[in-house]
Every structure is written in structure tokens, then in C-alpha cells.
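S.K.: Sequence:
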Amino acid sequence: MIKKEHIKTIESVGSWEEAIWIASEPLLQDQSITEQYVQKMISNVREMGPYIVISNDIAIPHARPEDGVLKTAVALLKLKDRVVFSPEKSVNTILVLAGSSNGSHINILRDISMILSNKENYQKLIDADDVNVLYTILNGKEV
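Numbering-wise, my numbering puts 55 at position 53 of the sequence shown, and it's gapless, one number per residue.
If you're looking for bench data, these hints aren't it; they were derived computationally from the structure. Only a predicted model underlies this, so the values are computations on that prediction, with no experimental measurement involved. Careful, some of the hints might be misleading.
[To be verified] Computed Cβ-Cβ distance ranges for the label pairs, DEER-style: (1) LYS143 with GLY51: 33 to 39 angstroms; (2) GLN38 with GLN125: 33 to 39 angstroms; (3) GLU68 with ASP32: 16 to 22 angstroms.
Note that beta-carbon positions come from the ideal geometry of N, C-alpha and C, so glycine has one too.
The whole structure should be built from the sequences, with the hints applied where relevant.
M.R.: Below is the structure:
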């Protein structure tokens, strides 16, 4: 589901916008998305609020395929310090979702949901700060 080179771990960021940009860097570098896609993810949150925060720990920024997806991909940014999206919403895990079609979005979300619906996997993901461990969890393997 995710390539190891699409996973980053860092201490902190200055803002949620910066978190989305940093999380998106691997997808920009391998030409899975355009800069327009990153800008659209950020403008969506500005317009609609932090709807991408799906739990107390995880945000899944995304936009529509026509906003700049060149190929389906997922990237992960794991932060040691939480980033604030609103006074009541902060996360330490950013999963950028880039689906080249609406169907691919659904398939990726289904895969993520299957992995994270297991409480043990969810907790391992939240606690992990090692790229290899994060890669293993997100690809549905035992840690």
C-alpha cells in the first residue's frame, strides 16, 4: 500500500500547512502528484475546516484526482510533536492520500481502515517513530 521512501519521521512542524507540504514531498519527488494538488488539499481544509482529522491522532489530507494526481500513491509523515489543526483537533500522523480515480481513493481508504480498525495496529502506528515499523504496519504485516 505504501512505499518505504514515502514515509518520513520528524520532530515537529510550524503549522498544519507545513505538515501537509512535508508529508507530500515524497509524492512530489516521484511525480505522483503536482504542487497544485498540495495547494488544493490545504485550501480544502481552510474552506471546510479540519474534516481530514479522522481520529485524535490521524489526519488524511486529500483532494480530487483532477486536482493534480498523476498516479495513485500514499505518503506518511509521523511527528514527535503534535500539529494543531484547530483548538480541539491535533494529530501526530499525517497520511496523504492521492487517488488517480475516485475508485482508487475508496480502495486505499478501505485498506487503511482495515489496518487501523485493529486497535493493536492503531496503537502501534501512533506509538511508532521508526520508518521500518511504520512501513510494516501500513502494509499489513506483523510488527
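S.K.: None of the hints should be skipped; say for each whether it holds.
M.R.: To see whether the hints hold, each was checked on the structure:
Between LYS143 and GLY51 the Cβ separation comes to about 35 angstroms, which falls inside the hinted range of 33 to 39 angstroms. The supplied range of 33 to 39 angstroms is met by GLN38 and GLN125, whose beta-carbon atoms lie about 36 angstroms from each other. At about 20 angstroms, the beta-carbon gap between GLU68 and ASP32 stays in the expected band of 16 to 22 angstroms.
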